[in-house]
Amino acid sequence: MRRITLIVCAAALAGGSGCFLQKDRTRVPLSRAAIAEIKPGETMIADVARLLGSPNEIIWSNGVTAPLDAGIGAGIINTYVTGGEELFVRAYHYRHTVTKTSGFTVIVFSLVSHDTKHDDLFVFFDEAGRVTNVGASLDAEQASYSPFGS
Amino acid sequence: MSAGCSAALLRIALVGLLPASTGCVSFFSLYDHGVNRSLAYRSPVGIRVDITRCGTPVRAEELAGLVPGSSDLGDALAALGAPHRLRRAPAEEALEYYYVYDRKTHLLVKPLFFMTYGGMASYNYRGSEAGTDVIALVFDHEGRLLRKEFRSAAPEQSAGAVLEQVFVP
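Residue numbers (the working numbering), protein chains in the order written: chain L, 1 to 150; chain S, 1 to 169.
Just so you know, these hints were derived from the structure itself, not from any lab.
Just so you know, even glycine gets a beta-carbon here, dropped at the ideal spot from N, CA and C.
Do not rely on the hints blindly, as some may be mistaken.
To be verified - Which chain L residues stay away from chain S? Per the calculated CB distances, all over 12 Å, these:
1. R25
2. A49
3. G83
4. V108
To be verified - Straight line, CA to CA, 27 Å or less: simulated BS3-like cross-link-like pairs of lysine-lysine:
5. L:K100 - S:K104
6. S:K104 - S:K148
7. L:K100 - L:K39
8. L:K23 - S:K104
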C-alpha cells in the first residue's frame, strides 16, 4: 500500500508539474559601435541609414510619426511637401525589443513572468539632414526570466 | 507510515491530486492561448500568478537637473537616454517625449465546488495590481524644454479583486 501511495503521489507531482522558457525578439540589437560613429554636427541622414539600416519610425518636422514608406525619409529623400508646407525628417527612431517569458506549474499553482525591455535610439536631424542629437537607451539585454526584479 | 494513513493519503491523491493536476495543466495551457476557453473553465482548480514588466525603471532622480527654459534636448538625452515614445502635443507646437515603466501582477484563484444536483460551480477570484511610472518632457520645435512632469500610478490605486461565478452544467 505504501509503495502504491508513493507511486501515485510521485505520478501526480510529475504529471502535474512543468515549466517553460520563451524568448521573443523584434528586429536586431542596436550596435554600440555603429551608434558611436554618429557624430552630431557631422554625420548626415544617409550615413545613419547606412550604419543602422531602416528605422522603425520617422518623426517629421511637424511632429507626425510614420513608419518607413517607399524610401521617403530613408536617407535618400528627407523632405516632403504636403499642403504647401515642406516637411523634413526630424528624427529616426530605432527599437529592438526582447521579451522573456518563464512559467512553472506545481500541481495547482502556476507562476508566469513576462519581462519586456527595449533598445531605443533616437537620432535627430536639422533641415539639411545633419545629425543634431543622439539619444540611446540600450536595455534589451537586461530582460530577465526571473519573476522578481525590475 | 501506517497502513491506514497510507490508504487515506492514497485516497486523497486519487480523488484530488490527479484531477487537480490535469485540470490545472489544461487551464494553464488553454486559457493562455485561447484555444478553447470553455474547456479551460472546466478545469477543476488552479492558482495562477502573472507578473508582467515592460520597460526599465525611469530615472526620476535625474529630472531635477532639467530646468524648463534653460535645458534643451541634448541635456535631456544625456540625462535620461532615449525616450520610449514621442508624439505631437495636440494643443501646441511642441513635441512630448515619454519615458515609461509598466508593471502588473495578476492573481487568479479558481476553486471548484461540486453541486448536489450534479453540476459544478467555479468561483473565480481575480485580483490585480498595476503601476506605471512616466516621465513626460515637452520641447518646442527648437529643442528647448518647456515643461517636465513625473507621474507615478501607485499599486494601491489599481483595480481590486473581482469575484466571478462560472457554472458548468
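Point to revise | Broken hints, by number | key: Of the numbered hints, 4 and 7 do not hold.
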